[in-house]
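*Asks:* Listed below are the residues making up each chain.
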Amino acid sequence: RSSSSSSSSSFDFMSYIITKAESVNKALDSSVPLREPLKIHEAMRYSLLAGGKRVRPVLCIAACELVGGDESVAMPAACAVEMIHTMSLIHDDLPCMDNDDLRRGKPTNHKVYGDDVAVLAGDALLSLAFEHLASATSSEVSPVRVVRAVGELAKAIGTEGLVAGQVVDISSEGLDLNDVGLDHLEFIHLHKTAALLEASAVLGAIVGGGSDDEIERLRKFARCIGLLFQVVDDILDVTKSSQELGKTAGKDLIADKLTYPKIMGLEKSREFAEKLNREARDQLLGFDSDKVAPLLALANYIANRQN
Amino acid sequence: SSSSSSNFDLKTYWGTLMTEINQKLDEAIPVKYPAGIYESMRYSVLAQGAKRAPPVMCVAACELFGGDRLAAFPTACALEMVHAASLIHDDLPCMDDDPVRRGKPSNHTVYGSDIAILAGDALFPLAFQHIVSHTPPDLVPRATILRVIAEIARTVGSTGMAAGQFVDLEGGPFPPSFVQEKKFGAMAECSAVCGGLLGGATDHELETLRRYGRAVGMLYQVVDDDKKTDGAIQMAQELKNKAKKELQLFDDDDDKYSEELVVPLHTFVDYAAHRHFLLPL
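For the protein sequence lines, the chains are A and B, in the order given. According to our numbering, the first sequence is numbered sequentially starting from 1. According to our numbering, the second sequence is numbered sequentially starting from 308.
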């Protein structure tokens, strides 16, 4: 692993992701103009423009560039995946769901605008994602590819994606470890976290003009880093202090959440994380070695993050 | 052409399409793991008493321009899915707080608010997925599919039905017709326009369908409303005239539009205004 990380060390990932996130933020800002009814558009903008690392849109753009497309070609798709991510956070935070008051250090959408507006703002972001992808994607991209991208995005949200993950997660609280196993945990994370990351990479590859083989390799890459993200998150929750994390440590244990360390132990969880990182990187073999630098660095960033 | 509408049997026409739409919707949502969410979606989409007005209007508009109804069916089903999704969310305790829908407990009453929100969230994308995966590529160009998707997305979004629901709940500096137009007119407008798109209508024809559909949707709601004030009766009359006037474009050119294909669109207006038959439910 040391040999591969040295090749990407010359690549400045932090400045890459910051530059890309800035153009994503600009595009998101103009994708939701403030119009009547003002409050619902304010609520959409409040959560969509609240910051966040923009991992999904950056992954979408990086995948597009890897297969030879321009950033501008991927931008509507990149905005669409971030709109979907945001709408799922708004709905997950609602009192009848996870009941969270804070998100990224700010009051959650329904705390500021009320539950009714939060439901509608989420619905509106969901539909805007499709409207934006379908009508703002450059005419350089063939309609066949845009239609395929729409299908992939839709699949990542519903009962084969985000919604399935959230449903199983909700119904898992308080379940005995003996009743559920690794498959159950993996189902939740593959749907709640990996599905939209997968769609982000796949959409980028589709609109960027990738071949079927390239699209499928980027799909596997994103699935691996999606699971990796969750395994690392679970490890950090038991190994780091609240101060180091910037959020409450040990929260998963207290909430009786299923985690990888709980099911397979800390050491095995670390080995699993390494395996996922390796599998992710394997998918990028055969691509141009200069062009894969951002995605390799993204995988390392997710694997080695400390908070 | 309105004289020939007496030979046209709307009840049979509508009933036949309803049966087909119901069957396709049933197939579109098979129960898989996790079963609860699929059952919740099916509960609302396949509810007894749904009149399937949006799909029927979509098919009729498609056929008016010589389109094959097979081209319209996937979008027709999608319209019912997004319609069901927005009704599920509108009924939630934090919204209209309706425990009952069409004489049955509303979705959240049966499945809980959390599942009801997620069922809606799953039905919106399922609608788009259904159009993409089921529309025959030999009948509809992909560019048209993208226009249909954008049309539906805009209709349910922050300037369409979500806007209507918002103003209905929270008020604001909007005329009373705003809620009627956005909350009730938008779905019929979208149905007519999508049908036209799939049938290959020109932009001018689409704009006519847009105004026609909006008027029919608002008319249906005004007549459905219990308040039979003079204002409501006058508004219903105006909406009926407006919808009929838009159809003149299709009445006047017998060479271009087959008379028998314009008739269904006329009868939707009459039905919205008078409800002169009961649908087989």
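There could be a bad hint or two in this list.
Heads up, simulated EDC-like pairs for lysine to aspartate or glutamate below, C-alpha to C-alpha not over 16 Å straight-line [said to hold, decoys possible]:
| hint | chain 1 | residue 1 | chain 2 | residue 2 |
| --- | --- | --- | --- | --- |
| 1 | B | Lys-339 | A | Asp-176 |
| 2 | A | Lys-262 | A | Asp-212 |
| 3 | A | Lys-268 | A | Asp-233 |
| 4 | A | Lys-257 | A | Glu-279 |
| 5 | A | Lys-39 | B | Asp-375 |
| 6 | A | Lys-257 | A | Glu-160 |
| 7 | A | Lys-39 | B | Glu-477 |
| 8 | A | Lys-257 | A | Asp-183 |
| 9 | B | Lys-547 | B | Glu-567 |
These are calculated hints, taken from the structure and not from any lab test.
*Asks:* Verify the proposed pairing of Lys-257 of chain A with Glu-279 of chain A, using a straight-line Cα cut of 16 Å.
*Replies:* violated (27 Å)
*Asks:* CA of Lys-257 of chain A to CA of Glu-160 of chain A, is that 16 Å or under?
*Replies:* violated (22 Å)
*Asks:* Take the C-alpha atoms of Lys-268 of chain A and Asp-233 of chain A, compute the straight-line distance between them, and say whether it is at most 16 Å.
*Replies:* holds (15 Å)
*Asks:* Check the hint pairing Lys-262 of chain A with Asp-212 of chain A against an upper bound of 16 Å on the C-alpha distance.
*Replies:* Violated, at roughly 38 Å.
*Asks:* Are the Cα atoms of Lys-339 of chain B and Asp-176 of chain A separated by 16 Å or less?
*Replies:* violated (23 Å)
*Asks:* Is it true that the CA of Lys-547 of chain B sits at most 16 Å from the CA of Glu-567 of chain B?
*Replies:* violated (20 Å)
*Asks:* Going straight from one Cα to the other, do Lys-257 of chain A and Asp-183 of chain A come out at no more than 16 Å?
*Replies:* This hinted pair holds, its Cα atoms lying about 15 Å apart.
*Asks:* Given the hint that Lys-39 of chain A pairs with Glu-477 of chain B, test it: the Cα-Cα distance must not exceed 16 Å.
*Replies:* holds (10 Å)
*Asks:* Please work out if Lys-39 of chain A and Asp-375 of chain B have their alpha carbons no farther apart than 16 Å.
*Replies:* Violated, at roughly 42 Å.
The earlier numbered hints that this structure contradicts are 1, 2, 4, 5, 6 and 9.
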